[in-house]
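Asks: Mind docking chain B on chain A? Use the hints.
Number of protein chains: 2
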Amino acid sequence: MIAYYNGQFLESDKIQISPFDRGFQFADGAYEVVRYYPNKFFEFDAHMERLKYSLSQLDISSVNIERFQEIFVELIQKNELFDQSSIGYIQITRGVQFPRRHSPDPVISPTIFMYVEKLSPNKETHANGVTVGLGEDIRWIRCDIKSISLLANILTKKGAVDKGVYEIVWSRNGFITEGTHTNVAFVKNNVVITPPLNSFILAGITRKVVLKLCDELKLQHEERNISVEELNTMDECFLMATTSEITPVVKIASSTFRTGAPGKVTMLLQKEFQKNIHRNKLM
Amino acid sequence: MIAYYNGQFLESDKIQISPFDRGFQFADGAYEVVRYYPNKFFEFDAHMERLKYSLSQLDISSVNIERFQEIFVELIQKNELFDQSSIGYIQITRGVQFPRRHSPDPVISPTIFMYVEKLSPNKETHANGVTVGLGEDIRWIRCDIKSISLLANILTKKGAVDKGVYEIVWSRNGFITEGTHTNVAFVKNNVVITPPLNSFILAGITRKVVLKLCDELKLQHEERNISVEELNTMDECFLMATTSEITPVVKIASSTFRTGAPGKVTMLLQKEFQKNIHRNKLM
Numbered sequence: 000m001i002a003y004y005n006g007q008f009l010e011s012d013k014i015q016i017s018p019f020d021r022g023f024q025f026a027d028g029a030y031e032v033v034r035y036y037p038n039k040f041f042e043f044d045a046h047m048e049r050l051k052y053s054l055s056q057l058d059i060s061s062v063n064i065e066r067f068q069e070i071f072v073e074l075i076q077k078n079e080l081f082d083q084s085s086i087g088y089i090q091i092t093r094g095v096q097f098p099r100r101h102s103p104d105p106v107i108s109p110t111i112f113m114y115v116e117k118l119s120p121n122k123e124t125h126a127n128g129v130t131v132g133l134g135e136d137i138r139w140i141r142c143d144i145k146s147i148s149l150l151a152n153i154l155t156k157k158g159a160v161d162k163g164v165y166e167i168v169w170s171r172n173g174f175i176t177e178g179t180h181t182n183v184a185f186v187k188n189n190v191v192i193t194p195p196l197n198s199f200i201l202a203g204i205t206r207k208v209v210l211k212l213c214d215e216l217k218l219q220h221e222e223r224n225i226s227v228e229e230l231n232t233m234d235e236c237f238l239m240a241t242t243s244e245i246t247p248v249v250k251i252a253s254s255t256f257r258t259g260a261p262g263k264v265t266m267l268l269q270k271e272f273q274k275n276i277h278r279n280k281l282m
Numbered sequence: 000m001i002a003y004y005n006g007q008f009l010e011s012d013k014i015q016i017s018p019f020d021r022g023f024q025f026a027d028g029a030y031e032v033v034r035y036y037p038n039k040f041f042e043f044d045a046h047m048e049r050l051k052y053s054l055s056q057l058d059i060s061s062v063n064i065e066r067f068q069e070i071f072v073e074l075i076q077k078n079e080l081f082d083q084s085s086i087g088y089i090q091i092t093r094g095v096q097f098p099r100r101h102s103p104d105p106v107i108s109p110t111i112f113m114y115v116e117k118l119s120p121n122k123e124t125h126a127n128g129v130t131v132g133l134g135e136d137i138r139w140i141r142c143d144i145k146s147i148s149l150l151a152n153i154l155t156k157k158g159a160v161d162k163g164v165y166e167i168v169w170s171r172n173g174f175i176t177e178g179t180h181t182n183v184a185f186v187k188n189n190v191v192i193t194p195p196l197n198s199f200i201l202a203g204i205t206r207k208v209v210l211k212l213c214d215e216l217k218l219q220h221e222e223r224n225i226s227v228e229e230l231n232t233m234d235e236c237f238l239m240a241t242t243s244e245i246t247p248v249v250k251i252a253s254s255t256f257r258t259g260a261p262g263k264v265t266m267l268l269q270k271e272f273q274k275n276i277h278r279n280k281l282m
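Residue numbers (numbering that gives the first Met the number 0), protein chains in the order written: chain A, 0 to 282; chain B, 0 to 282.
Just chain A, with the same shape it has in the complex (with noise of 0.2 Å):
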């Protein structure tokens, strides 16, 4: 595979990431997944406003976000995934310190790498649904970057796994945060509810083509707190991310909460979101 490094594109077991490198000693940086459906990438202005959002809030500075778009695409032609659903991914850390002192030396130069992948949505989970479980957010609370520092969300998704369920969504204070991985919303009466954007939840690029949509399918939306009390009253339940688009929800572990099937409104979603897509690719 060929993936891009630092200027240079490369194959991907040709790169080096130095042990000094504040990314690999300190989770010192960003990320990005950004999603190709042939022939465009999708979304990919919001994607980049996020990350810059991310960089700001760490304060790393001269990196030339204008140019990631080619450089995605020239990944996408060398790896030949022209006409296939994939993925890209961007990680940018402050850069490589020696001797490793906590404090940010100003001078160094970021770390950039990205690299693109074969990937499509699952479809048995698209159209079947999940199992997801709940958990308190044991997270920080800049869980608004987009940050490497990802080891509560391992933690958390290997606990899912290892006990069968799909996905944990946390809560913290007693209201619903979001997954390890995904954001989350509700349909209860035909109105989709999702938690408001704060620090403690990631502003999902999927959640705000959701909101357009249900804007454009003038479906009532509300974006507030959720109790964890409060699950056990709603009607349906999905998730949303760049990578599993959106994905129902027909049963919440240890609550009462279970459908049996994929929401209605769940679904038309799904389908907008689809034909979305398509529109997107063609503007």
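In short, the hints are calculated from the structure, not lab data. All figures in this text were calculated on a predicted structure; none of them were measured in a lab. Only true hints are included.
For identical chains, the list gives no copy identity; a pair is met inside one copy or between any two copies.
Straight-line alpha carbon distances no greater than 35 Å define the calculated DSBU-like cross-link-like pairs of lysine-lysine that follow: (1) Lys13 <-> Lys39; (2) Lys13 <-> Lys145; (3) Lys207 <-> Lys157; (4) Lys211 <-> Lys39; (5) Lys211 <-> Lys274.
Replies: Leaving out everything else, chain B in the frame of chain A:
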């Protein structure tokens, strides 16, 4: 510099970390910094016990911790640091996984990186003390794990440097936790007071040694919650860490705590700490 990487001693600039190392992409790993005072590693077993604990919490297994002391000794020899005050760094990640998925692949092997570096405590800050600031603890709630998921520590430490203070001492829900890379203790009426061990702070090795020294010196000590309001009533304050040992705090910004000079009990403990290093080396 000769470092150690997955079974080999190599020039550190020859070490290639894969961009698919879970340490680089997910901060999925743990680390330790150990102290070498010629000619012995200090409290080595305590560091390895803590490393074992961190790895167990991450469910990273098949790491042969018993070999690490001899590897560190070999690194000291190869880098001719035998008679130099130094530190040893060890980082263990879950390993390389491609394609990138949050959920860990159980069959991958851990990545092990170790190096040594000449480093002496700062005599000036030891003698004259430092100013620290206060801040809300923004971290996750598993600060008992010495993980490489350190972005919260980095951003806070960067803020400290930007403000011109040595360290930020965090509080959570109004109670003092610790600094970004130090534990903190206070002295009030000759009683040494430090926050209790729980998942909000790291079980510091220097902290443990200081409490043992208090016993030997028949200095009363308490491990208890300390409210931010209480800081103004404290007589002394000091930081504890493997690298910076016992560092007096002479001023806490945005509080009325300022002593003008390091406290008596602090300096007594600092002296005993040096004696203890010497005793330890002879054992």
